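Participant: In order, the protein sequence lines correspond to chains L and E.
So in my numbering, spot 102 of the first sequence is number 102, and the numbers just go up one at a time.
So in my numbering, spot 196 of the second sequence is number 1196, and the numbers just go up one at a time.
Don't take every hint at face value.
Unchecked claim - Over the 12 Å line for every Cβ pair with chain E, so calculated as not near, a few chain L residues:
id	residue
1	Arg18
2	Asp40
3	Val94
What the hints assert, rightly or not - List time: in silico EDC-like cross-link candidates among lysine to aspartate or glutamate, alpha-carbon distance up to 16 Å:
id	chain 1	residue 1	chain 2	residue 2
4	E	Lys1009	E	Asp1198
5	E	Lys1120	L	Glu79
6	E	Lys1059	E	Asp1096
7	E	Lys1120	L	Glu25
8	E	Lys1059	E	Glu1098
9	E	Lys1059	E	Asp1097
If you are wondering where the hints come from, they were derived from the structure by calculation, not from laboratory data.
Note that the coordinates shown come from a computational prediction; the quantities given were computed from them, not determined experimentally.
Ideal placement from N, C-alpha and C gives every residue a C-beta, glycine not left out.
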Amino acid sequence: MSENVGIVIVSHSADVARGTALMVEQMVGREVPLGWCGGDPGGGLGTSVEAIMAAIERAWSERGVAILVDLGGAETNSEMAIEMLPEERRARVVVCNAPVVEGAVMAATEAASGASLEAVRQTAEELTPV
Amino acid sequence: MMIDREARKLLFETVAQRVIASAEELTDLDRAIGDGDHGVNMRRGFEAVLAAVDELSAKNLGESLKGVGTTLVMKVGGASGPLYGTLFMSLGKTLDDEVTCERVADAFATAIDAVRARGKSDVGQKTMLDVLFPVLAVLREGGTELPVRLKAVAKAASEETIPMRAIRGRASFLGERSVGHMDPGARSSALIVDAVVDVMEGLA
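Please build the complete structure, drawing on both the sequences and the hints.
Facilitator: Next comes the structure, spelled out in structure tokens:
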């Protein structure tokens, strides 16, 4: 079990999610538990609640998991996935309001330093234009 | 009115078949102002409901509605999965097999609130809520010729989304350009209301 906050990348495109995950790994190596998913249940562009739940499981850390999403449906499906988690895990997963690629890299860098879930989220969200 | 196993099966089958039959229309609407996947997504979700309809309708109304909702959440893929999933799951939490117009209206009101929270949206933003709220208002009024009035308000309300400007969802990226097209979610909601009313009318 990792001591660092986990990062999950959710994109409508599996290629974008995989590419973002590769960039994150290049930055922080394997210090941060990482999960990613992209594509709808039929294999097209979109997101899948089931796949998001599986990605959260892969990135699970007792310190929590920060999710980075691309467009609307990814956010709604991520929130739905969080609600379907066992109750004791729900409060330890957050969706960051940040651009997916930059947000994932920044969040993972912060997580690799041992920061808390809230600090990881804040770092990612500092990227959001106001 | 008692919604027994046979009625539940007919209800889910009818809703699913109508949505599946309109998949292309929904996709065309979504292509105009969204990402063009609403019909495909809804068809995938309701095909999964059809495939499991015997198993789903074997449970009582509450549990079977929750089952339909969960199936939609898992299979639809787009944002409409959690939105329609939440609608059905919430209805399932409040409804028993024995339904009255009042009980359905109360359950529907709670379910619409859940959808509103899930989508962080509200009336007037060119979404499914612009159909669900007027339908609820007519359901609350009750009175004579309710089925006809429910179907009429669903149709009229979906058409009223045409001049609206989208504020939520993918269509909001288009801003003013979203004006002039019917919201695909409003259309699919009207389709579902229509199907439910037809089945209930047949049972009454």
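Participant: Against this structure, judge whether each hint is valid.
Facilitator: Consistency of the hints with the structure:
1. Arg18: Its Cβ never comes within 12 Å of chain E, the nearest being 18 Å, so this holds.
2. Asp40: For Asp40 of chain L, whose nearest Cβ neighbour in chain E is about 3 Å away, the distance does not exceed 12 Å, so it is violated.
3. Val94: holds, 15 Å
4. E:Lys1009 / E:Asp1198: holds, 14 Å
5. E:Lys1120 / L:Glu79: holds, 11 Å
6. E:Lys1059 / E:Asp1096: holds, 11 Å
7. E:Lys1120 / L:Glu25: With a Cα-Cα distance of about 33 Å, the restraint between Lys1120 of chain E and Glu25 of chain L is violated, given a limit of 16 Å.
8. E:Lys1059 / E:Glu1098: Roughly 14 Å between the alpha carbons, so the hint for Lys1059 of chain E and Glu1098 of chain E holds.
9. E:Lys1059 / E:Asp1097: holds, 10 Å
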